[in-house]
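K.L.:
Using the sequences provided together with the hints, build the complete structure.
2 protein chains.
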Amino acid sequence: MSCIEISSIPGQKPMKITASLAIAATIFVMASPASAQFAKPEKAVEYRQSAMFSVGEHFSRLGAMVNGRVPFDAKAAIENAEIVAMISKLPAPAFGPDTEKITSRAKPEVWTQQAKFNEGYKQLVSDAEKMVAAAKTNDPDKLKVAF
Amino acid sequence: MSCIEISSIPGQKPMKITASLAIAATIFVMASPASAQFAKPEKAVEYRQSAMFSVGEHFSRLGAMVNGRVPFDAKAAIENAEIVAMISKLPAPAFGPDTEKITSRAKPEVWTQQAKFNEGYKQLVSDAEKMVAAAKTNDPDKLKVAF
Chain A
1 MSCIEISSIP GQKPMKITAS LAIAATIFVM ASPASAQFAK PEKAVEYRQS AMFSVGEHFS
61 RLGAMVNGRV PFDAKAAIEN AEIVAMISKL PAPAFGPDTE KITSRAKPEV WTQQAKFNEG
121 YKQLVSDAEK MVAAAKTNDP DKLKVAF
Chain B
1 MSCIEISSIP GQKPMKITAS LAIAATIFVM ASPASAQFAK PEKAVEYRQS AMFSVGEHFS
61 RLGAMVNGRV PFDAKAAIEN AEIVAMISKL PAPAFGPDTE KITSRAKPEV WTQQAKFNEG
121 YKQLVSDAEK MVAAAKTNDP DKLKVAF
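Heads up: the protein sequence lines correspond to chains A and B, in order. So the first sequence is numbered by the working numbering: it starts at 1 and just counts up by one. So the second sequence is numbered by the working numbering: it starts at 1 and just counts up by one.
Read the hints as simulated data drawn from the structure, not as lab findings. Just so you know, even glycine gets a beta-carbon here, dropped at the ideal spot from N, CA and C. Not one of these hints is a red herring.
Quick list of in silico lysine-lysine cross-link-like pairs, DSS-like style, CA-CA up to 25 Å:
(1) A/43 / B/89
(2) B/122 / A/75
(3) A/40 / B/75
(4) A/75 / A/89
(5) B/43 / A/89
(6) A/116 / A/89
(7) A/89 / B/136
(8) B/89 / A/136
(9) A/75 / B/43
(10) B/89 / A/89
(11) A/89 / B/75
(12) A/122 / A/43
(13) A/130 / B/89
(14) B/89 / A/75
(15) A/75 / A/130
(16) A/75 / A/144
(17) A/43 / B/75
(18) A/89 / A/107
(19) B/43 / A/43
(20) B/75 / B/142
(21) B/130 / A/89
(22) B/40 / A/75
(23) B/75 / A/122
Here's a subset of chain A near chain B, in silico, CB distances under 8 Å, partners left out:
(24) 37
(25) 46
(26) 47
(27) 50
(28) 51
(29) 53
(30) 64
(31) 70
(32) 86
(33) 90
P.N.:
Set out below in structure tokens:
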């Protein structure tokens, strides 16, 4: 098991993504929603930060439920998981090589170990989708496992 | 026709939302995805700014296609419209009264004319959904009208 940090959420702790490297190294065609068309690299960085901030917010809400800080609410769990899954996919095209030199909390490994990063990212998206499926079972324990 | 500006996108021009006030003034229960649970008002402001930034980015991409700056791409049009429609809904709970005093580009009218704001917001969400439907026709002219 390996761990990649995607740390572009302003004002938040880096999000650790545990990625199984046992996954077959299939070519990862990143989901490129609406194809990357950033006016300039700074926009791409702001875009991924915005998306990761939104993801962080909804992931935290799931966390609050999973950790018992707020009561489990099946409907809210599904909504939060769906938002996390949907928005998680968006920043992929915003890690282009032209954004490497722009100051952000993204680690250099995003570009120096791109295959590993892509694998971790793919795992993140896959985990988020599993979380949606777990939330839809209405079973807090299944959600906890997926979380 | 009346016009409300939601202007909380950092570094962007205010987004004008044309809202028909002819719409029956039904009680607008704002779509409250995952119920508002912001740790503090500042988080709510950052949340809505992040969401509106993402919306602005994808709305611009649609605009580029509609205005012929980039070639029409049916798949990208649908993706962009769906992202706009999905994320547009998110900031609703982030305009709580506790956020009124926090410096942002949101106009005071958000709180002083709340019914009008809600109506405009509802219209925005409805328009975004119409844009998805228009994009799905694969007809650039229909998308242009909806845009």
